[in-house]
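Protein chains in written order, with the working numbering: chain Z, 1 to 343; chain E, 1 to 470; chain L, 1 to 329.
Bear in mind the hints are in silico, worked out from the structure with no lab data behind them.
There's no promise every hint is true.
[Claimed, not checked] Restraint ranges, calculated between C-beta atoms of paired labels, are given here:
| hint | chain 1 | residue 1 | chain 2 | residue 2 | range |
| --- | --- | --- | --- | --- | --- |
| 1 | L | Val317 | Z | Gln161 | 15 to 23 Å |
| 2 | E | Pro381 | Z | Thr194 | 29 to 37 Å |
| 3 | E | Gly290 | L | Phe43 | 34 to 42 Å |
[Stated by the list, open to error] Restricting the straight-line Cα-Cα distance to at most 30 Å, the calculated cross-link-like pairs of lysine-lysine (DSS-like) are:
| hint | chain 1 | residue 1 | chain 2 | residue 2 |
| --- | --- | --- | --- | --- |
| 4 | E | Lys428 | L | Lys224 |
| 5 | Z | Lys67 | L | Lys224 |
| 6 | E | Lys428 | E | Lys327 |
| 7 | E | Lys428 | L | Lys96 |
| 8 | Z | Lys136 | L | Lys224 |
Even for Gly, the Cβ is constructed at its ideal location relative to N, Cα and C.
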Amino acid sequence: MSGSTERILKVRDLGVTFHTSDGDVRAVDGIDLNVDRGQIVGLVGESGSGKSVCTRALIKLLPSTAKIDSGTVMELTTGGGVVDIAQIGRRDRRMNQIRGGEIAMIFQEPMSSLAPTYRVGNPIVEAARLHRDLTKQEARHVALDLLERVGISEPSRRIDQYPFELSGGMRQRVMIAVALASQPRLLIADEPTTALDVTIQAQILDLLRELRDEFEMSIIFITHDLGVISQIADDVAVMYLGKIVETGTVHDIITDPEHPYTSKLLDAIPRLDRLNERLSAIPGDIPSPLARPPGCPFHTRCEQAIAGRCEVTMPDPIAVSASHLVSCHLHDKEAEAASATAN
Amino acid sequence: MAADTLTKPPKATLNADKLAEATQWKMVWTRFKRHRLAMVSAGILSLYVLIVFFADFVAPYGATARDTNYLKGPPELVRIWDGGPARPHIDSQITIRGGVEDGFAYSVSGLDANEQIRWFVHGKKWTFLGLFDSDFHLFGVGDEQVPVERQAAPSVSSGSGTSSSSSGSGDAAGSGNSAADSNDPFASIERDENGRLKLGIGGATTTTTEAVVPAATTPPADASSAEPAIIETESARGFIHLLGTDGLGRDQFSRILVATRTSLTIGLAGLFTAFVIGLVFGGVAGFFGGWIDYFIQRLIEVVRSIPTLPLVMGLAAAFPQDWSNQKVFFFTSVILGLVGWTTLARRIRSMLLTLHDADFVVAARLAGAGPFRIITRHMLPTFFSYIVVTLAIEFPYMILAESVLSFVGLGLRAPTVSWGVLLQDAQKVEVLEQTPWLLAPAAFIVIVILAFNFLGDGLRDAADPYQESS
Amino acid sequence: MARYTLRRLIGGVITLTIVSVIIFWIIELPAGDAADIYLAKKFQGGSTLTLKEIAAVRESFGLNNPFLVRWWDWISGIIFHWNFGQSLVNETPVNKLIGDRMLLTTIIIFATLFLTYALAIPIGVYSAVRRYSITDYTFTGVGYIGLALPNFLFALILLWVSVRYFGSSVGGLFSPEYKHSGWSFAKLFDLLRHMWVPVIVLGTANLAFQLQTVRAMMLDEINKLYVTAARARGVPEVRLIAKYPVRQALNPIISTFAFDINRVLSDAPVVALVLALPELGQLLILSLLDQDTQVAGAILFIMSLIYVLGNFVSDIVLAAVDPRVKLAG
Chain Z
1 MSGSTERILK VRDLGVTFHT SDGDVRAVDG IDLNVDRGQI VGLVGESGSG
51 KSVCTRALIK LLPSTAKIDS GTVMELTTGG GVVDIAQIGR RDRRMNQIRG
101 GEIAMIFQEP MSSLAPTYRV GNPIVEAARL HRDLTKQEAR HVALDLLERV
151 GISEPSRRID QYPFELSGGM RQRVMIAVAL ASQPRLLIAD EPTTALDVTI
201 QAQILDLLRE LRDEFEMSII FITHDLGVIS QIADDVAVMY LGKIVETGTV
251 HDIITDPEHP YTSKLLDAIP RLDRLNERLS AIPGDIPSPL ARPPGCPFHT
301 RCEQAIAGRC EVTMPDPIAV SASHLVSCHL HDKEAEAASA TAN
Chain E
1 MAADTLTKPP KATLNADKLA EATQWKMVWT RFKRHRLAMV SAGILSLYVL
51 IVFFADFVAP YGATARDTNY LKGPPELVRI WDGGPARPHI DSQITIRGGV
101 EDGFAYSVSG LDANEQIRWF VHGKKWTFLG LFDSDFHLFG VGDEQVPVER
151 QAAPSVSSGS GTSSSSSGSG DAAGSGNSAA DSNDPFASIE RDENGRLKLG
201 IGGATTTTTE AVVPAATTPP ADASSAEPAI IETESARGFI HLLGTDGLGR
251 DQFSRILVAT RTSLTIGLAG LFTAFVIGLV FGGVAGFFGG WIDYFIQRLI
301 EVVRSIPTLP LVMGLAAAFP QDWSNQKVFF FTSVILGLVG WTTLARRIRS
351 MLLTLHDADF VVAARLAGAG PFRIITRHML PTFFSYIVVT LAIEFPYMIL
401 AESVLSFVGL GLRAPTVSWG VLLQDAQKVE VLEQTPWLLA PAAFIVIVIL
451 AFNFLGDGLR DAADPYQESS
Chain L
1 MARYTLRRLI GGVITLTIVS VIIFWIIELP AGDAADIYLA KKFQGGSTLT
51 LKEIAAVRES FGLNNPFLVR WWDWISGIIF HWNFGQSLVN ETPVNKLIGD
101 RMLLTTIIIF ATLFLTYALA IPIGVYSAVR RYSITDYTFT GVGYIGLALP
151 NFLFALILLW VSVRYFGSSV GGLFSPEYKH SGWSFAKLFD LLRHMWVPVI
201 VLGTANLAFQ LQTVRAMMLD EINKLYVTAA RARGVPEVRL IAKYPVRQAL
251 NPIISTFAFD INRVLSDAPV VALVLALPEL GQLLILSLLD QDTQVAGAIL
301 FIMSLIYVLG NFVSDIVLAA VDPRVKLAG
């Protein structure tokens, strides 16, 4: 997928630190990420790996205790210019134009994403009118069209219902309609299917793929589920404790994982062809972000950790193929070889 | 500061580790300790508790003892500097005599004695919970306050003469001591228990502390008629009035301490009554549910439909005038409970309903735990901490209700001393203007309520970590 | 909506009926009844009565009827004629004693609640949005003191300050020249000039309470996902706060409207006593001190009536603004 297409988001060395009463927590520790037009990028990791924080930082939705303390978020704007979102203030008017207008977001719990006392149509009309020059009537038409587009039957009745009258799957569809209403070019989907039934989950994934094709919209899809990723993503980035440890195409990651953590994640997926084996869990717990291990963050749970090395230095990303990057000392030899040939 | 920030992160992780393996009570305590205001409040409240037990010891004088040379006297400042560091003392005592006619034509006379504060002096005899007697008081001024007795015998007759002019107290004994004791329910209860023995001693020694007013210094007639107590103190050996005196020359500080004991006790009794009723109704409603629950819910709604304090007042107004102080005390707390149980019942009910379906209770049930084990091991610990929090939050309302009741004259009556009774004296603008220090009990009320509010907040946050702490 | 309203209405009537029974029981609670007091006056007047005559008097007062009959006599007078009977102490109708006190009480309640909400909502919202700011700490601190300072003490302190430093008392609701005059604009204006003191005294505790409620609700709501979701679609901050969390935080205020009425009604009597306000609460205490439970009972009933009405209104308004309420019943 990568190559000649237009790059709309380029994140470099993004770092986010939470200042808490128990100490500082660097939740996102210098990550790089690229998103091309029409591309679906999967961001995978356990809870606490910083994947949500990272994407919320992109549109400055972080709580006031969190600070972006390094890096750039270069976004190719609708007008064609490039803007560094990291430099725009949280309350800046420009930021409100980007939120929704250029980058929209949907969330994990559709149950609580909608304000309980407003009718379903309200947030869609609101989003449409905030970012497009529409009258109330026009916006209502847009809302009806969108509700129909995201697969809600009887939109003209549903539009005046209250959220509590809708099921979880329908609410997530409404949230997608809200996101589409402002015609963004990038949609951040923060575990949008985690809280839903498996069948509904598949429907939503299908819908997102269709919408990507129809509107040429890019999607950053966050999940802890590599199975979901394999169904929807083009490129994948695997996060662990605030760092991206491996990136590649979905094919690279699923068939040829290079980082021990990625392999472990894949082993933890139940598979029909291996029904008789025990699922292997990753040993140990994810370390407290307050006491980050030095060196490679995964060394405390890694069975192949190299003593005297992994707990000392953080490995740099190494290209194992043109599209596939991994940060692991196990690949140091290839790196040396690569740098030798380069020289 | 630098050291503090450096040590902080490890401390936090250490705490987290400790919390993970601590018992529930240790956990609550650890979290409670972090709540600084609540800790300070707990400290202040323990001072109040000490006062409840040792009011007689800390108070330099009895609640009805009168210093006729210092009527309506302002608070006396304790000085520790007298051109140089000095032992704590009060400045030479100013004698203020209330004029008979207008009540505030002062005659001021300075005594030269620079009165030093002395610790553990002898004074009025007191009894600790009916267990032992003592005449030691925490502090006093002047010479050793050995209970020197003068004119005890002759004064009795003149004293009863004064008291008979006031309509009340046909106190046949006429002894200053028994009148003083009937001030507070503790003393009277204690007297009931070993009254005979005490009277014997009283005749010999106790009356000695308080001599009776010679006619010349008798306060204005109206003032004395308000108070049947005729205890009178003679001031040659000096007095200290940290918070001034009232129109009868009674020491505010001593009176407030005794009042603190009364008010807190009655508040506690009211709270206990409310708790018992609330536990029964709330427990039944939450446990049985169905129509019983519906009925109790309606009952609660009905009780809440009558504004609280007016309801309390309406019930208290039915007290016959001839009831003894103990009886009034007892029934006041009953009324407080009768009106105040609804909040507790509601909370207990909803707590039971939540607990019944709580995941950990369901899990225990599925794991095969019997009802006894579920109740004692799983429900009670959660329930108990919740009850403690609720009680801490409710207590101030009880204190407040008693104060209001006594303040308007429908609750406890003089000579019983409670915060409300004390403030009753300050109800009139003229009194306030002359003796603003009579508002001092207000500070005690405000502080105790504040402390309970903070304590309640701290306990709630400590007992329920999942609740938003603000 | 109609069914919901009807259900609430019936509930209110039932509550009020039981309340009236309790209040009537309180009226009859003290040792002496109306006949005793009447007879005592006769005796004082020097007349002698036979036992038969005494019994006749008791009969004429209806005191030999069963409790529920006596209650019905009392409550039907109120329902059908708004007649609260005779005072026990002075031979005046209770209605006359109450006079326009009911109006004054109602005015004080609503002025107090208006002040409370007008201040509590903006300040509470601001405190929550600017959490841990100096303003937040200041108002939280003031709120705690407001909660801890009992109304009547606050009134006493104001009274003392006004006398001590301004040489005039802040008591009363009218200047002397309007005390007994009929209603006029001048009298109304005079009332407004005097009313701020009781309104502030009564409003403070309520304000402190509502401040805490609004702030806590706001803190709760402000972190909810639907607020983040709205922010993520680019709703400007001020509009966002007003449209989403504030709108939600108003619901508990509406639902506790009746409790606020109850609190003010509960606190008002002793404040009225201290400040010498000629309203219902003051008369309540004075008549209770006189053991005139006929007057006191009437006032208790009126207070409960105001509360139940307020409760009904708040239920209806809440159902109108929050669609979920009707379902819950």
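Results of checking the hints against the structure:
1. Taken as a hint, the range 15 to 23 Å holds for the pair Val317(L) and Gln161(Z), whose Cβ atoms sit roughly 22 Å apart.
2. The hinted range of 29 to 37 Å is satisfied by Pro381(E) and Thr194(Z), whose Cβ atoms lie roughly 33 Å apart.
3. With their beta carbons about 56 Å apart, Gly290(E) and Phe43(L) fall outside the hinted range of 34 to 42 Å.
4. Distance restraint check for Lys428(E) and Lys224(L): the Cα-Cα separation of roughly 52 Å exceeds the 30 Å cut-off, and the hinted pair is therefore not satisfied.
5. A threshold of 30 Å between alpha carbons decides the hint, and for Lys67(Z) with Lys224(L) the separation of about 20 Å falls inside it, so the pair holds.
6. Distance check on the hinted pair: Lys428(E) and Lys327(E) sit about 28 Å apart at the alpha-carbon level, within 30 Å; holds.
7. For a cut-off of 30 Å, the pair hint linking Lys428(E) to Lys96(L) stands: about 28 Å separates their Cα positions.
8. Of the supplied pair hints, the one linking Lys136(Z) and Lys224(L) holds, its CA atoms being roughly 27 Å apart against a limit of 30 Å.
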